[in-house]
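*Asks:* Residues per chain are reported as follows:
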Amino acid sequence: MSDVIAAGEQGEVEDLAVGKGHWADFLSRYVLLLLLLGMIVIFSIIEPSTFFTTRNFKSILNGQVIILLLAVGVVAPFIVGEFDLSIGYVLGLSQAIVIGFMAKSGMAPVLAVVLSIAICCGVGFFSGILVTKAQVSSIIATLGVGSIIYGFVYAYTGGQVLYQGVPPSFLELARNQLFGVSLPVYYALAIVIALELFFVFTTTGRRLFAIGGNRQAAVLSGVRVKPAIIATFIMSAGLAGVSGVILASRIGTAQADTGPSLLLPAFAAVFLGATSIRPGHFNILGTVIAVYVLAVPIAGLQQLGVPSWFELVFNGVALIVAVAASKQFELLKLRREKRRRMDAFREGNEAMVGANQPAPAK
Amino acid sequence: MTEAALTPEPRPGVVAGPPPALRMRGIRKLFGGTAALAGVDFEVDAGEIHGLLGENGAGKSTLIKVLAGAYSPDAGTVEVMGKLVEPLTASASRAAGVSFIHQDLGLVPDLSAAENIAFAVGFEQTSGPVKLISWKRVRRRAREVLARMGVAIDVDATVSSYGIGTQAAIAIARALATDARVLILDEPTATLGAGEVDYLFRILRRLRADGLGIVFVSHRMDEVTQLCDRVTVLRDGACVGTRRMAEVTAAEIGEMIVGRPPEVAGAEEEPRRHPREGQAALTLRQLEGVAVGPVNLEVPTGSVFGLVGLAGAGQDELAELIFGLQPPVGGEMLLFGQRHRPGDPRAAVKTGVGFVPADRADGLLPDGTLAQNLFESPSGFAFERPSHERGRAKPSLLEFDVRPPKPELELNALSGGNAQKLLLGKWFLREPRLLILNEPTAGVDIGARDQIHRMMRRMAGEKDMTIVVVSSDFEEVIAVCDAAAVLFRGKVGAQLERDDLSVAHLRKTAVHGE
Chain A
1 MSDVIAAGEQ GEVEDLAVGK GHWADFLSRY VLLLLLLGMI VIFSIIEPST FFTTRNFKSI
61 LNGQVIILLL AVGVVAPFIV GEFDLSIGYV LGLSQAIVIG FMAKSGMAPV LAVVLSIAIC
121 CGVGFFSGIL VTKAQVSSII ATLGVGSIIY GFVYAYTGGQ VLYQGVPPSF LELARNQLFG
181 VSLPVYYALA IVIALELFFV FTTTGRRLFA IGGNRQAAVL SGVRVKPAII ATFIMSAGLA
241 GVSGVILASR IGTAQADTGP SLLLPAFAAV FLGATSIRPG HFNILGTVIA VYVLAVPIAG
301 LQQLGVPSWF ELVFNGVALI VAVAASKQFE LLKLRREKRR RMDAFREGNE AMVGANQPAP
361 AK
Chain B
1 MTEAALTPEP RPGVVAGPPP ALRMRGIRKL FGGTAALAGV DFEVDAGEIH GLLGENGAGK
61 STLIKVLAGA YSPDAGTVEV MGKLVEPLTA SASRAAGVSF IHQDLGLVPD LSAAENIAFA
121 VGFEQTSGPV KLISWKRVRR RAREVLARMG VAIDVDATVS SYGIGTQAAI AIARALATDA
181 RVLILDEPTA TLGAGEVDYL FRILRRLRAD GLGIVFVSHR MDEVTQLCDR VTVLRDGACV
241 GTRRMAEVTA AEIGEMIVGR PPEVAGAEEE PRRHPREGQA ALTLRQLEGV AVGPVNLEVP
301 TGSVFGLVGL AGAGQDELAE LIFGLQPPVG GEMLLFGQRH RPGDPRAAVK TGVGFVPADR
361 ADGLLPDGTL AQNLFESPSG FAFERPSHER GRAKPSLLEF DVRPPKPELE LNALSGGNAQ
421 KLLLGKWFLR EPRLLILNEP TAGVDIGARD QIHRMMRRMA GEKDMTIVVV SSDFEEVIAV
481 CDAAAVLFRG KVGAQLERDD LSVAHLRKTA VHGE
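Here the protein sequences line up with chains A and B, keeping their order.
First residue of the first sequence? That's 1 in our numbering, and the numbers climb one at a time after it.
First residue of the second sequence? That's 1 in our numbering, and the numbers climb one at a time after it.
Hints in this document: simulated from the structure, not taken from any laboratory.
Idealized CB from N, CA, C, for every residue including glycine.
Among the hints, erroneous ones may be present.
Here are a few chain A residues that face chain B, going by a calculated C-beta distance under 8 Å [as the list claims (entries may be wrong)]:
1) ALA134
2) PHE201
3) ALA210
4) GLN216
Once the Cα atoms are required to be at most 30 Å apart in a straight line, the calculated DSSO-like pairs of lysine-lysine come out as [said to hold, decoys possible]:
5) A:LYS333 to B:LYS491
6) B:LYS491 to B:LYS350
7) B:LYS65 to B:LYS83
8) B:LYS136 to A:LYS333
9) B:LYS350 to B:LYS463
10) B:LYS65 to A:LYS226
11) A:LYS133 to B:LYS65
12) A:LYS327 to A:LYS226
13) B:LYS131 to A:LYS226
Facing chain B, according to a computed beta carbon distance under 10 Å, are these residues of chain A, among others [said to hold, decoys possible]:
14) SER105
15) LEU197
16) ARG206
17) GLY212
18) GLY213
19) ALA217
20) ALA218
21) LEU220
22) GLY222
23) VAL223
24) PRO227
25) GLY280
26) ASN315
27) ARG335
28) GLU337
Please work from the sequences and hints to get the whole structure.
*Replies:* Spelled out as structure tokens, the structure:
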């Protein structure tokens, strides 16, 4: 990749372009993927009989679907520069009401699922309104909304575990398999593909990046910022709702306190994911890889007998390391670009510096 | 006024007959009782670069905002390419082909050049039944529109990876992509270094040849004389006149702007001093930063010393090294004979060094009162009654000619030039032994600029303060400096004494390094 690209035929104006083929950029793009593959190889060597089995891989794949959907959903508000801290609580809400609608109200499974997800979208809409119209900072708004939901879920379940009267057809949603792989993996795959297409290949998706990158510029180029931000909250809450339904179907019960503990691993995955594939940008594929980068060592170490509290510590460390690492990458990149511009300058891009000078006057 | 002698290039492609690209007639705009614009006529031909000049508050920005549809005029009409724009709204103005490049370019820095252009014109899509963005076409169109300007860059690189000059080019490309016929550049060069300014000018001349009508708003007279075909001067909301650049001198334009013969800058009031014998205020030995050095330099005590260079030649980084904003990679600094190696700006301030950043916003509290801004202290908890503080601030505001001199006013109420005077005043009050000013008059009008220059001369003369001016404005360096070092590709290309300072000399050294 040449640093200085020659100008058009006239050769009139040139520029110091910054090449993008630096090895460090390549490394940062794929480091997470390499890390994942490396860990799989290592654990497979240590525990060939328990880790390196189809069953184990399927179980990791399927087991992470809940976190995965939470994480890819919350990518949307992150892209526009907002936080959604309520996703764990929304997941809990969705799980409780989908079971409750069937068990307590005798609703048909299809209706219960649709209604639950719709209610979750409504919660996202409400958060979005708080952030855009009432101008409450998103951290505060979603923290508040989360607590409100948590309270209502307690009231709704009465603090009990709901498990009686769940129709078996509902349980098939998560427990059935296709080609030996559990259905939720397919749901996740479809959602991931749809989101990737949306964020990378549609104008609406790209506008979200403009909002996050320079809100004023987005406004000036005609983007309707507030509806877009509200939509991102609906996306994150809606996908939290979907993962709540899948969780409910998988375990067949609902209790008030499952959701909140899932917030942190989802955030860790999103931030870790932002260091990879498209470094410096929140992105879907990076997030997907990150979910498994976090899951594989936990699964592997637990098989080695590491106690379960380790997972909490690990996720916390991973979140902090991910953010710190991406900051360092950014600083290094800035420094490198500065040097490179200087080098191009020193190598004598005379065409740029020297041409077209007015004749010195007396 | 060396640049004034240059005759602008003949304007290609202008024939009598076709309507002007832009015609504003009898524009009136009242705010409350006062007329910000009192019936202004303004015309820009196709294939012309037209300078719009005037002091802050003369009505330039109001006129531009009327054109942008941000203010609706109380009277007057706007025609673009002979067609009346009616009603005058933001979208109608855009649709008619009027495009604005503001100093803040309005790009999304983290996204690619191609994508920034696509945000303005829409993303090209695949032709299949499923409408998805075709990144290939988006890139191709970005390359095409940049090629029209003679710019060939990697359109996939993020905007932030380019220098400001190229960023300005990308912003212009974005305007062109929307089929702009009239391009308004509002102080486009205020943040650019000399090399980048030349680069921008080449682009603008090319677009002029393409038949665009270009309005160029700037405070820098040398740029206006170098670039513009005609100029229109506003004063107190009225049009003073339109002149062909070939038929007028910079001094005459200056007189039109201020309404009286220009005062001669502080040069004559304060005697220039040739460097004294004795200890240097600052000595740099083999000093090296990431992209600058090794530099050897001596700044005499009590002098106004210029650090000059094209954008990216290293003068900014040198200033940052002296103020402890970056650690040096090698070499050493001596401050009045003492070893100087500040770990951070706070340490630098303690040793008596001050630094005024190029971006005013980095040095002031926008919501604070003038008094708070003047006495804002980086260390210590000095409790003071607000009324007492305001009393103390008053004489200083008068001294530095901050208008209006009301200590209780919020900073936001000040014009750019007055905010700049306040910012400099704040540092002058602290009386640092060495004060570094980065582009002290960028985006400041002529009147305020002269005042700032006089203040600098006075501080150096009366208080024995040593002032280092980082500037890409050669005329400023000549107006105010006792001596200057010209940086070239990170090294000192030449060190010039008072008698050697001229625009031609500075430019030659900055460009060729000798």
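*Asks:* Could you check the structure against the hints above and give me the numbers of any it violates, in ascending order?
*Replies:* As far as the earlier hints go, 1, 14, 24, 26 are violated by this structure, in ascending order.
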